[in-house]
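**Student:** Sequence order for the protein chains is A and B. Each residue of the first sequence is one higher than the last, beginning at 5 in my numbering. Each residue of the second sequence is one higher than the last, beginning at 36 in my numbering.
There could be a bad hint or two in this list.
Below, computed lysine-lysine pairings styled on DSBU-like, alpha-carbon distance capped at 35 Å [said to hold, decoys possible]:
1. B:Lys287 to B:Lys257
2. B:Lys300 to B:Lys229
3. B:Lys300 to A:Lys288
4. B:Lys158 to B:Lys257
5. B:Lys263 to A:Lys79
6. B:Lys225 to B:Lys287
7. A:Lys286 to B:Lys287
8. B:Lys180 to A:Lys288
9. A:Lys79 to B:Lys300
10. B:Lys336 to B:Lys287
11. A:Lys286 to B:Lys255
12. B:Lys287 to A:Lys288
13. A:Lys79 to B:Lys278
14. B:Lys336 to B:Lys300
15. A:Lys10 to B:Lys255
16. B:Lys229 to B:Lys285
17. B:Lys229 to B:Lys120
18. B:Lys278 to B:Lys230
19. B:Lys255 to B:Lys287
20. B:Lys336 to B:Lys123
21. B:Lys300 to A:Lys77
22. A:Lys77 to B:Lys336
The following residues of chain B were derived to be distant from chain A, with all beta-carbon distances above 12 Å [unchecked claim]:
23. Asp149
24. Lys278
25. Arg282
It is worth saying that the hints were derived from the structure and are not from the lab. All residues carry an ideal CB built from backbone N, CA and C; glycine is no exception.
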Amino acid sequence: MLTIYKKELRSYFTSMIGYVFIAFFLVIIGINFLFTNLIGGYANFEYALSGIVFIFVLLVPLLTMRLIAEENKQKTDQLLLTSPISARAIILGKFFAVFTIFLIVMAITCTYPLILVKFGTVSLATAYATIVGFTLLGGAYLAMGLFFSALSDSQVVAAIISFIVFIFTVLMDSIAKILPTDNKSAWIIFSVILLIICLIVFLMMHNLTVTIGTGLVGELLLTTIYIMQPTLFDGLVVKVMEWFSVITRFDTFALGIFDLSSVVYYISIIFIFLYLTTQAIKKKRWS
Amino acid sequence: MYDKFNLRIKEETILIEVKNLVKRYGNHTAVDHLSFTVERGQILGFLGPNGAGKSTTMNIITGYISASEGSVTIQGMDVFEEPEKVKKLIGYLPEFPPLYPDMTVKEYLNFVADIKQVKKQEKGQMISDIMELTKITDMSSRLIKHLSKGYKQRVGLAQAIMGYPELIILDEPTVGLDPKQIIEIRDLIKELSKKHTIILSSHIMQEVSAVCDTVLIIDKGKLVVSDKPEMLTKHLGATGSLKLSIRGEKDKVIDVLNKIERITKIEEREAESEDIAEITIYSKEDEDIREEVFYAMCDAKYPILEMQTIKMSLEDIFLMVTNVDNTIPKDTVDSDSKVEEKEIENSEEENNHVDNL
């Protein structure tokens, strides 16, 4: 794992991407810090950070797109996967390398609240809690980006998929608000989602019986629950959407609340996507 | 008791055992029930036309892709059950050398040594030894993307040797190299075979016959022949036929030849001039009739201008066994002549057409 970590980290700094990412990120945080805190006169650093969560959408794909797609393209995955090293170690090494780059940015950001102290009373606890939240949010996006990089041989495709999904996570909150909250439409929406899942299952496995089986069992389950306890479906779509909305969780940090459940949430997201990436790499053997 | 002892020896000498290997991609079967064993210290050559399943088989042995059916065991360990242990025993040079273009040769080999878990105290020495062996020492501080194809191939080879694994698998190691480099790589492979077991693939017959102890010819994923290269030429290559050019009238020459009992078949070939008979004669495979023919012609006073035993080269054997009906060369000739015939017909029709006008 350490070998992969070192190699990835070095490659970020032999190419320009590492420097570009760090510089660009710092510039944006700096500008927002300048306008919100220094010129705006707010003592809360968390406002500066919560205003710029959207830059993950732009910058994370830049950092993560090459991680696995490039190995696939250069066929160096053949070297990695035929070496005595597990897929999990490869993925963890890569993730920690990319996370380290992001940590460099956050380490520098840690000095900003201290600058504010010079001008008056600043709640350092909330400021640093927000920085922790921001770091975790970044980690979640990086893990997602890593996963999308494993899906393709092309960096461009990986970047585009990440970009679309990230935009969706930002907009999720607004989309959830316009969706109906009554239980019947919730049932319909879940049925449609089930249909999409079945389609994906079919595309991945090319097995008609499994697909139809999943569809029937899922639909039966949905309908039974709907008939037995229709109230369960009240507002469920919105709830589920909000659960997937990575960014809304960050709002609690920005409000100055250190919510442990959000920390657990982000760490779970990271774990889930790292696991999925490992599976995606292993699956390649079977195709 | 004796048997048991014998069996144990056999187990120890066999390094790889491939059993009933099948790989399917959708409806296409890339490898079709392939079985073979490789003994320790052998050089095994995989030979087959492009798309025969060579690379797929190698990828399965190295654990890069999985088999649909069958098993691969190396030193008694299954590739799929104990992948990490097995992978320690293998060095692999895939079809495209897996290089990082932005690293220098030294950095790259350092990285490879690390992921192959070479011990720290041995690493430095091993890297310089291997660079010396593959003759890339001069290039050690160059970026890989600036290297020529030949050097890239060598760096790939250096990567495969790293850690001195028991088994080295090379997928078309000499592709894209100039003749001098090819000879160097072949010598290197021979050098390596003193300490390692090697599997290499190629679609070039001479290469395999020059280097390998055993040749495995596969076609469409199936094992066609597996034997020593010299045995292949001996068994499959012997045709027992003689090609003759004799000065004299054709019919009379054939009359003389007919008197030799051991000749089973006489075939005329197109002659360049009328007073020279061009003839191919056949006998049983293991009989040498050259002297008999010589004396017969001598007595009849027909001088032999040329006498040549026709032996199939490995190349011919390769073509023969990879085409189920060994008539492909003839077929191409036939179709060519057919084309010519058609052209003639066409021109005749045109002529007729002109006449009609």
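**Student:** Hint by hint, say whether it matches the structure.
**Tutor:** Hint check results:
1. B:Lys287 to B:Lys257: 49 Å, violated
2. B:Lys300 to B:Lys229: Status violated; Cα separation ~47 Å.
3. B:Lys300 to A:Lys288: 58 Å, violated
4. B:Lys158 to B:Lys257: Roughly 41 Å separates the two Cα atoms, so the pair is violated.
5. B:Lys263 to A:Lys79: 33 Å, holds
6. B:Lys225 to B:Lys287: 54 Å, violated
7. A:Lys286 to B:Lys287: Not satisfied, since the Cα-Cα distance of roughly 75 Å exceeds 35 Å.
8. B:Lys180 to A:Lys288: 27 Å, holds
9. A:Lys79 to B:Lys300: 56 Å, violated
10. B:Lys336 to B:Lys287: With a Cα-Cα distance of about 11 Å, the restraint between Lys336 of chain B and Lys287 of chain B holds, given a limit of 35 Å.
11. A:Lys286 to B:Lys255: Holds - the C-alpha atoms of Lys255 of chain B and Lys286 of chain A are around 27 Å apart, at most 35 Å.
12. B:Lys287 to A:Lys288: 71 Å, violated
13. A:Lys79 to B:Lys278: 51 Å, violated
14. B:Lys336 to B:Lys300: Holds: Lys336 of chain B and Lys300 of chain B sit about 22 Å apart, inside 35 Å.
15. A:Lys10 to B:Lys255: Since the Cα atoms of Lys10 of chain A and Lys255 of chain B sit roughly 42 Å apart, the hinted pair is violated (cutoff 35 Å).
16. B:Lys229 to B:Lys285: At roughly 56 Å apart (the allowed maximum being 35 Å), Lys285 of chain B and Lys229 of chain B break the hint.
17. B:Lys229 to B:Lys120: 23 Å, holds
18. B:Lys278 to B:Lys230: 45 Å, violated
19. B:Lys255 to B:Lys287: Roughly 49 Å separates the two Cα atoms, so the pair is violated.
20. B:Lys336 to B:Lys123: 71 Å, violated
21. B:Lys300 to A:Lys77: 58 Å, violated
22. A:Lys77 to B:Lys336: At roughly 72 Å apart (the allowed maximum being 35 Å), Lys336 of chain B and Lys77 of chain A break the hint.
23. Asp149: The assertion about Asp149 of chain B is violated, with a minimum of 4 Å to chain A.
24. Lys278: 48 Å, holds
25. Arg282: 61 Å, holds
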